[in-house]
Structure formats: C-alpha cells, structure tokens
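S.K.: Sequence:
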Amino acid sequence: MNMATRITKSSGNVYADLGIKSAKEHALKAELVRQIAVALQDEGLTQVAAARRLGIAQPDVSRLLKGHFRQFSVERLMRFLVALGQDVEIVVSPAAAMRSQTGQLTVTTRS
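Position 59 of the sequence shown, counting from 1, maps to 60 under this note's numbering, and the rest follow consecutively.
Bear in mind the hints are in silico, worked out from the structure with no lab data behind them.
Any given hint could turn out to be false.
[Claimed, not checked] Within a straight-line C-alpha distance of at most 25 Å, the following computed PhoX-like cross-link-like pairs (lysine-lysine) qualify: (1) K22 <-> K67; (2) K22 <-> K10; (3) K67 <-> K25; (4) K25 <-> K10.
[As the list claims (entries may be wrong)] Simulated DEER-style distance windows between Cβ atoms: (5) P95 <-> Q59: 40 to 50 Å; (6) Q105 <-> R35: 13 to 23 Å; (7) R7 <-> R77: 37 to 47 Å.
Using N, Cα and C, we set each Cβ at its ideal position, and we do this for glycine too.
Take the sequences, apply the hints, and build the full model.
M.R.: As structure tokens, this is what we get:
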C-alpha cells in the first residue's frame with residue numbers, strides 16, 4: 002500500500018496550528034514553564050522542594066512540568082520564576098510596521 006505523506010508548514014506556533022484558542026498565550030506560558038524547568042534543574046530542586054519554594058502543592062509542580070499549565074496565569078508563572086531567583090523583565094515597544102496593528106507577546110531569555 003502506497004501512502005502519501007502530507008506535510009503542512011507550521012505557523013511557528015504549535016498551539017495555533019492545532020487550532021487552540023488563545024494560542025499566543027499558550028505559547029507564552031509554555032516558554033515560561035520551560036524556563037521554570039530550567040531554573041529547577043539548575044538549582045537541583047526536587048518537586049517537593051520546588052513546591053515549597055513556589056507555594057504550591059507537589060502534584061501541581063508535577064502537572065506544570067508535564068505541560069498542564071492552563072490553571073496558571075502568565076503573571077503567576079512569572080512570579081514562580083522570580084521565586085526561583087530569575088529576573089523577569091517586561092518590555093513594551095511599538096509593533097513592527099510590517100505586521101498588522103496587533104502587537105505580539107514574546108519571551109526572550111538571556112544566560
């Protein structure tokens with residue numbers, strides 16, 4: 002049986018490609034959670050220790066690290082990063098003229 006493979010070009014946002022509402026917010030949260038995971042690993046924290054530091058239950062840390070982050074706001078995820086010793090900087094700038102009038106949310110990390 003010959004099966005053709007169909008390839009679809011990504012928009013750059015997997016959540017938008019999957020048709021998920023609030024795709025930009027989901028992508029932003031996913032990057033914040035990725036940074037939380039990096040900070041936890043860098044500090045060598047267990048999920049129990051991380052839960053204490055973040056002020057949440059250990060099962061919530063587990064769910065968060067598995068990508069179940071809908072219950073957490075962007076603000077709360079940023080507070081988690083601060084609790085883990087990370088600086089969070091918010092920059093507001095005009096949208097690029099080539100894009101639509103709608104701005105965008107991005108996370109940029111520095112080492």
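S.K.: Which constraints among the numbered hints does this structure fail? Numbers only, ascending.
M.R.: none
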